[in-house]
Amino acid sequence: MSRELFRFKGGVHPPEHKAESTSRPIHAAPLPKKLVIPLRQHIGNPAKPVVEVGERVLKGQMIAAADGYISTAVHASSSGTVAAIDLQPVPHISGLPDLCITIETDGRDEWVAHAPLDYQAMESPQLRMQLRDLGLAGLGGAVFPSAVKLDPGASHACPTLIINGGECEPWITCDDMLMRHHADEILQGVAIMRHLLGSTEILVGIEDNKPEALDSMRSAAAKLDFAVEVVKVPARYPGGGAKQMIETLTGKQVPSGKLSTDIGIQVFNVGTSYALARAIHHGEPLISRLVTVTGHVLRPQNFEVLIGTPMHTLITLAGDRDGTTGVLMGGPMMGVPVPNLDVPVVKATNCILVKSKELFPPLPKALPCIRCTRCADACPAELQPQELFRFAKAGDFGRAQEYHLFDCIECGCCSYVCPSHIPLVDFYRYAKGEIWAREKDKRAADLARERHEFRQFRQEREKKEKAEKLAAKAQAKRAELAAVPAAEGAAVSDADAKKALIAAALARAQAKKTDTAPKNVDQLTPEQLHQIEEIEARRTKIRELARKPLESEEKKP
Amino acid sequence: MLAAIGVMAILAVAIGLVLGWSAIRFKVEGNPLAEKIDAILPQTQCGQCGFPGCRPYAEAIAKGEADINQCPPGGEEGVKKLAELLGVEPKPLDETHGTPKPKSVAFIDENTCIGCTLCIQACPVDAISGAAKQMHTIITAECTGCELCLPPCPVDCISMVPIAEDLPHWKWKHPVVMMKQIAETEDA
Numbered sequence: 001m002s003r004e005l006f007r008f009k010g011g012v013h014p015p016e017h018k019a020e021s022t023s024r025p026i027h028a029a030p031l032p033k034k035l036v037i038p039l040r041q042h043i044g045n046p047a048k049p050v051v052e053v054g055e056r057v058l059k060g061q062m063i064a065a066a067d068g069y070i071s072t073a074v075h076a077s078s079s080g081t082v083a084a085i086d087l088q089p090v091p092h093i094s095g096l097p098d099l100c101i102t103i104e105t106d107g108r109d110e111w112v113a114h115a116p117l118d119y120q121a122m123e124s125p126q127l128r129m130q131l132r133d134l135g136l137a138g139l140g141g142a143v144f145p146s147a148v149k150l151d152p153g154a155s156h157a158c159p160t161l162i163i164n165g166g167e168c169e170p171w172i173t174c175d176d177m178l179m180r181h182h183a184d185e186i187l188q189g190v191a192i193m194r195h196l197l198g199s200t201e202i203l204v205g206i207e208d209n210k211p212e213a214l215d216s217m218r219s220a221a222a223k224l225d226f227a228v229e230v231v232k233v234p235a236r237y238p239g240g241g242a243k244q245m246i247e248t249l250t251g252k253q254v255p256s257g258k259l260s261t262d263i264g265i266q267v268f269n270v271g272t273s274y275a276l277a278r279a280i281h282h283g284e285p286l287i288s289r290l291v292t293v294t295g296h297v298l299r300p301q302n303f304e305v306l307i308g309t310p311m312h313t314l315i316t317l318a319g320d321r322d323g324t325t326g327v328l329m330g331g332p333m334m335g336v337p338v339p340n341l342d343v344p345v346v347k348a349t350n351c352i353l354v355k356s357k358e359l360f361p362p363l364p365k366a367l368p369c370i371r372c373t374r375c376a377d378a379c380p381a382e383l384q385p386q387e388l389f390r391f392a393k394a395g396d397f398g399r400a401q402e403y404h405l406f407d408c409i410e411c412g413c414c415s416y417v418c419p420s421h422i423p424l425v426d427f428y429r430y431a432k433g434e435i436w437a438r439e440k441d442k443r444a445a446d447l448a449r450e451r452h453e454f455r456q457f458r459q460e461r462e463k464k465e466k467a468e469k470l471a472a473k474a475q476a477k478r479a480e481l482a483a484v485p486a487a488e489g490a491a492v493s494d495a496d497a498k499k500a501l502i503a504a505a506l507a508r509a510q511a512k513k514t515d516t517a518p519k520n521v522d523q524l525t526p527e528q529l530h531q532i533e534e535i536e537a538r539r540t541k542i543r544e545l546a547r548k549p550l551e552s553e554e555k556k557p
Numbered sequence: 001m002l003a004a005i006g007v008m009a010i011l012a013v014a015i016g017l018v019l020g021w022s023a024i025r026f027k028v029e030g031n032p033l034a035e036k037i038d039a040i041l042p043q044t045q046c047g048q049c050g051f052p053g054c055r056p057y058a059e060a061i062a063k064g065e066a067d068i069n070q071c072p073p074g075g076e077e078g079v080k081k082l083a084e085l086l087g088v089e090p091k092p093l094d095e096t097h098g099t100p101k102p103k104s105v106a107f108i109d110e111n112t113c114i115g116c117t118l119c120i121q122a123c124p125v126d127a128i129s130g131a132a133k134q135m136h137t138i139i140t141a142e143c144t145g146c147e148l149c150l151p152p153c154p155v156d157c158i159s160m161v162p163i164a165e166d167l168p169h170w171k172w173k174h175p176v177v178m179m180k181q182i183a184e185t186e187d188a
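In order, the protein sequences belong to chains G and B. With our numbering applied, the first sequence corresponds to residues 1 to 557, in that order. With our numbering applied, the second sequence corresponds to residues 1 to 188, in that order.
Next up, chain G with everything else stripped away, as it sits in the complex:
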């Protein structure tokens, strides 16, 4: 029965700190007065607002629609009125604001009409469209639109489906609690994924530090009419990373620059599976998720939180304490500092980790790299972090890419083991950002070059066309004029023809001038006309006067 497991390279064993937040049951966080719902909560294009300021919205109503293939919709988490659609602070390391829809809740929590979907009777593309409109995105951290991942594609069959219950990052327990209490629903979601992907082998990987979750998932899996193998995997950070989970369970490695679907494997987080089951069997869009609030708080625990709830309300609920030194969204290894606590909970928020000096002593000053290669031993992506650091620091991004910078999963193992306390991952993030920015600039330059070249081509063409047109016209006129005198029996030279042309044009211009009488004097009284005449007479007089001295001056020399 027990499956042969494989060991991925590297990894670390940071203190787990999981027991703090698993001792209390899941609480539903109360409805806040104001929900701030960002439109960019997923990877891909941000959603496009479909409501207006002042409009009343119901719980679960779509307030912003997916824009493009890699995108997903955003919904109102409760009923109320749209108070604003503007830039608001969001949980992002930069502290920059982003477009959000603010809803003032009315406390009635009134649902929009929603119904379960009969997924077995639906066509796959249609079902995926529905899932996109229900706002599903991966809840493991990357928030990639699930509808895209549920497309096996024409050539990629997806025989293996892995449900990731690894949750390897310290402090976070939301997936653990979800598996303990909602195992049946998670597996209902798995059934839908199996239907869409046509998978034949289904594995659920759970780290061995979650025995309750393992038991709960195993007993739920035993009730199913298809085979789901719940596998206990050894706890080692980052064993919950998708690529690491694949290697542990199957022994296969995802090749550099490829996707797991290229080797016939798709991975979903347990939270995503749960959200999928809620969407299909209840018609509920993704408007809430489990969030672990832990660290330096009085009552660390998990909350069922509506998307858009301000983070400070959750910290208050868990009991805030003095001596807070900062808040992370996510765990201590990969989490990002939250710039201010008014920012809302988003689809990616799995944990709110409150820091204190005792729990997270400030990092000592970074020292120079001594090239001890402890980072290389710890790196689960089998990279050479010390080399990547050297290239990133020096701005040698080409070499960094040669050393497979983009295979880095930013797990933080290298920084964790670094005896010089160098924030290595920050350097990799910096290098990745620079490379992306350069690629973007390159694309913009290519576009500008193309447009400039086309403009030059167009101007050339227009010039040529104009010249041709003029030549044709002149030719025609000449032929016409030549025909008239020929009829009269007189031979006309080319120069004469040209002269005649000019004379004709002059006559036309003259006729036009005399024809156009000023139209604004049509409806005037005789007195007014008389006045105008007087003024005109005065003007001609002045004009003559003005001309006279000039003429006299001209005569002088």
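Just so you know, these hints were derived from the structure itself, not from any lab. Among the hints, erroneous ones may be present.
[What the hints assert, rightly or not] Label pairs and their calculated CB-CB ranges: (1) B:Glu76 with G:Glu104: 47 to 53 Å; (2) G:Glu468 with B:Gly87: 25 to 31 Å; (3) G:Ala467 with B:Glu110: 44 to 50 Å.
[To be verified] Stretches of chain G that chain B covers, calculated by requiring three or more beta carbons in the stretch to come under 8 Å of a beta carbon on chain B: (4) 428-437; (5) 440-451.
These figures come from a predicted structure and were not determined experimentally. Cβ atoms here follow ideal geometry from the backbone N, Cα and C, with glycine treated the same way.
Given chain G, put chain B in place with the hints provided.
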């Protein structure tokens, strides 16, 4: 003796034919060096280098008629890349051709615009849409920020707006800055 000379002569003719044929068959169109230089230039087509566009400047550099430090939008980094490509020492930007400015796009004040089309004719990348006596507007995604539309405008309704840093444009700063900050706060 004669046979040897004969063999050598035949060989010479055969090789000559092959070389002659390949010179025609594999002839490289255009100047490959100018292509490479053009790929480094930022393609703003602003003409600050003194040439009517990036391509003519690239050709001038390739011929040795222009220096590598005449492109302010490319900045010091552009000069460095050109120096690397051409195997010469990098030099500071020539300030007579202008100084690097933050990346901007043109913006037309639509209330002031009289629809004269002069800016449309000046734009090197066709990034202005409009027609005679119709309001003009900039296609922001295609504007290179060359400022060539500013001088022809008779009502001065075009201004350059620096691209503000927002979430999609944000990128990680060099971490050394942050590390220094940590060190400073500790020292304090």
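Check: Which of the listed hints are not met by the structure?
Finding: 2 and 3
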